[in-house]
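Asker: Sequence:
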Amino acid sequence: MTGLGPNELRALLTDLGTADFGAWRHADVVAACTALGWEVSRDQLPRCETAAVPGVVRGAYLTENWDRRHGGDSEMMQIYLCAAAIAPEDFRDYLAVATEVWGEPSLYGGNGDTFVRWRRRFTTKQLEVNRAGDLTVRVFATEAWEGWDYRSWEWGEGLGEVPYTWIGENNHPSLLGCYFGGRLVHSWDELAEALTMTLRDIHFGMRVLGDGAATPFSDNAVITLRTADPVENDNRWLQLSQGRDELIMLIAANGQPEAVMAGHGLALDGYGAWARELAPGPESAETAARLAVTLLRDFGFEAPAQVRSEYFRNNSPYHRFTLHCVGVEPSREQ
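Start counting the sequence shown at 0; every next residue gets the next number (numbering that gives the first Met the number 0).
Don't read these hints as lab results, they were simulated from the structure. Incorrect hints may have been included.
Claimed, not checked - Have a look at the derived ranges for each label pair, beta carbon to beta carbon:
hint: 1; residue 1: Trp154; residue 2: Arg91; range: 30 to 36 Å
hint: 2; residue 1: Ala30; residue 2: Gly264; range: 57 to 63 Å
hint: 3; residue 1: Tyr178; residue 2: Arg91; range: 25 to 31 Å
hint: 4; residue 1: Gly269; residue 2: Pro53; range: 56 to 62 Å
hint: 5; residue 1: Gly36; residue 2: Ser315; range: 37 to 43 Å
hint: 6; residue 1: Met0; residue 2: Leu183; range: 26 to 32 Å
For glycine and all other residues, C-beta sits at the position ideal for the given N, C-alpha and C.
Take these sequences, add in the hints, and give me the full structure.
Answerer: Below you can see the structure in the form of structure tokens.
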């Protein structure tokens, strides 16, 4: 670990919790940083300034609101800094400090990294960690940030631009009126990418935040892909079951040749379905996602639009767990 330890982080979060960013005008943000003892200077990056923060791995970046036409009146978007470099599993120690200082989180989520958010009307705070162990503290203008999130879904840009792949929340009152978007794909390659991102983020979130109780079932997020137009006896479906310690693919025994299934590493389980278990991790997520797409095409689906999704999470630690980047429409039963 380098940078701030959990106890040192407490002082930084306390200061940020009491800082007044006003209406997120440039003058408001600079004044708040100055009151914190940070010296703000213009950086070489466009629309960005920096501030030296004692003890952290990398100082603070202050970025402008780059789309003020839709992001409200705020001139500035956010302040963020890398507070420490940690083992990702140590994130919970820092989260406990943040919860002590900032209160119960509004929501949890994943978007390549794992984040926990404290949403408020004007200013939202966030603690996040990536797979390399960079612990980031982020404070942003709520309206500007969420406006950008909304347009990221609406504009249908590359999958790498989606704001989150999953959200976990416990009916926090700060989420009243909050909108969560989603992304559909238009090609098989995009579907493989979307599924890969989703599985990776679910697994990393379980590593970092922990999972639910192990009884009566382990905490697995289960995604089912099936036909968009079901007819009687159409059992073309497959499941991807992502847990902290396992990734399992299940496929209906629907007449596919045994040699083909075996060639994909699948074997009949005790319930008559084809099954393959992979060790969890980023590479396995991609392997499972690409195999899922191959099998869907083998089932006779001509495009992702002919596929629908369902999902649930066994023993979820959240009151509500939602997926936003599976890539295909949810089924009517979801």
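Asker: Compare the structure with each hint and give your call.
Answerer: These are the hints, each one checked on the structure:
1. Trp154 to Arg91: 30 to 36 Å: holds, 35 Å
2. Ala30 to Gly264: 57 to 63 Å: holds, 60 Å
3. Tyr178 to Arg91: 25 to 31 Å: holds, 29 Å
4. Gly269 to Pro53: 56 to 62 Å: holds, 59 Å
5. Gly36 to Ser315: 37 to 43 Å: For Gly36 and Ser315 the Cβ distance comes to about 41 Å; the hint holds.
6. Met0 to Leu183: 26 to 32 Å: Violated - the Cβ-Cβ distance for Met0 and Leu183, about 41 Å, lies outside 26 to 32 Å.
Against the hints set out earlier in the document, a violation occurs for number 6 only.
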